[in-house]
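> Read top to bottom, the protein sequences are chains H and Y. Number 112 marks the last residue of the first sequence (the numbering used here); no jumps. Number 122 marks the last residue of the second sequence (the numbering used here); no jumps.
Everything labelled a hint here was simulated from the structure, so no lab data went into it. Predicted model only: the values in this text are computed from it and were never measured. In this text, a Cβ means the ideal position worked out from N, Cα and C, and glycines have one as well. Some clues are possibly wrong.
So the derived list for chain H, only partly shown, Cβ under 10 Å to chain Y, looks like this [claimed, not checked]:
# : residue
1 : SER2
2 : GLN40
3 : GLY52
In silico negatives: residues of chain H with every beta carbon more than 12 Å from chain Y [to be verified]:
#  : residue
4  : PRO14
5  : THR23
6  : THR44
7  : PRO57
8  : SER67
9  : SER69
10 : SER72
11 : THR78
12 : ALA82
13 : GLU83
14 : GLU85
15 : GLY105
16 : THR107
17 : VAL111
Capping the alpha-carbon separation at 25 Å, the derived lysine-lysine pairs in DSS-like fashion look like this [unchecked claim]:
#  : chain 1 : residue 1 : chain 2 : residue 2
18 : H       : LYS68     : H       : LYS47
19 : H       : LYS108    : Y       : LYS83
20 : Y       : LYS45     : Y       : LYS77
21 : Y       : LYS83     : Y       : LYS66
22 : H       : LYS68     : Y       : LYS83
23 : H       : LYS68     : H       : LYS108
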Amino acid sequence: QSVLTQPPSVSGAPGQRVTISCTGSSSNIGAGFDVHWYQQLPGTAPKLLIFGNSNRPSGVPDRFSGSKSGTSASLAITGLQAEDEADYYCQSYDSRLSGFWVFGGGTKLTVL
Amino acid sequence: QVQLQESGPGLVNPSQTLSLTCTVSGGSISSGNYYWSWIRQPAGKGLEYIGRIYTSGSTNYNPSLKSRVTISVDTSKNQFSLKLSSVTAADTAVYYCARVCDSGDYVYFEHWGQGTLVTVSS
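Starting from the given sequences, assemble the full structure and let the hints guide the process.
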């Protein structure tokens, strides 16, 4: 059971827009800690996609955007492309105990 | 561009200690505001944070693994290491090392190694 909750799967047709939610609690996202997103293509290591809730590293297309509100965050992908088919993970910090980094359970994006 | 490479045994006996090393190239492990971290991923499952170390030696571990984990750094070799004791089949996973950037505003997993599969079995 992951500390951050994501839908197991989402899907969309090429060109469409999809969103992936990441729900936390008052000890992580709701406490104001930032959310970051990672893309994991099949058989590869995760790659940073969004940092600091809504910032894109250089090289990441502006089709990818992130937002955060309250105890949740969202990743939006517009103009869906076949190459976007991957697993997506949110990540934040949890302040319980000594504090530690936490990941969401991951969401499998299927491009129909 | 910094690169990270995991190395270590791909097969570990149950109850033994899993030991992995991450070699950092393209930059000094001692420079900049970075943490050095281990993450794992069982087959078909999500990512799990194991722990991290700063070059000062300061560590942080996932509470669920804390009693069994030790992360250390060897700045002379530009490496950091993971030891996980008393392993069981549940510890079978791909293990990733990563560099965590502390920009001052945000702290995030910036660069990842390619990962190494460790199987716990007799």
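> Where does the structure disagree with the numbered hints, that is, which hint numbers, in rising order?
Those not satisfied are hints 6, 7, 15, 16, 19, 20, 22.
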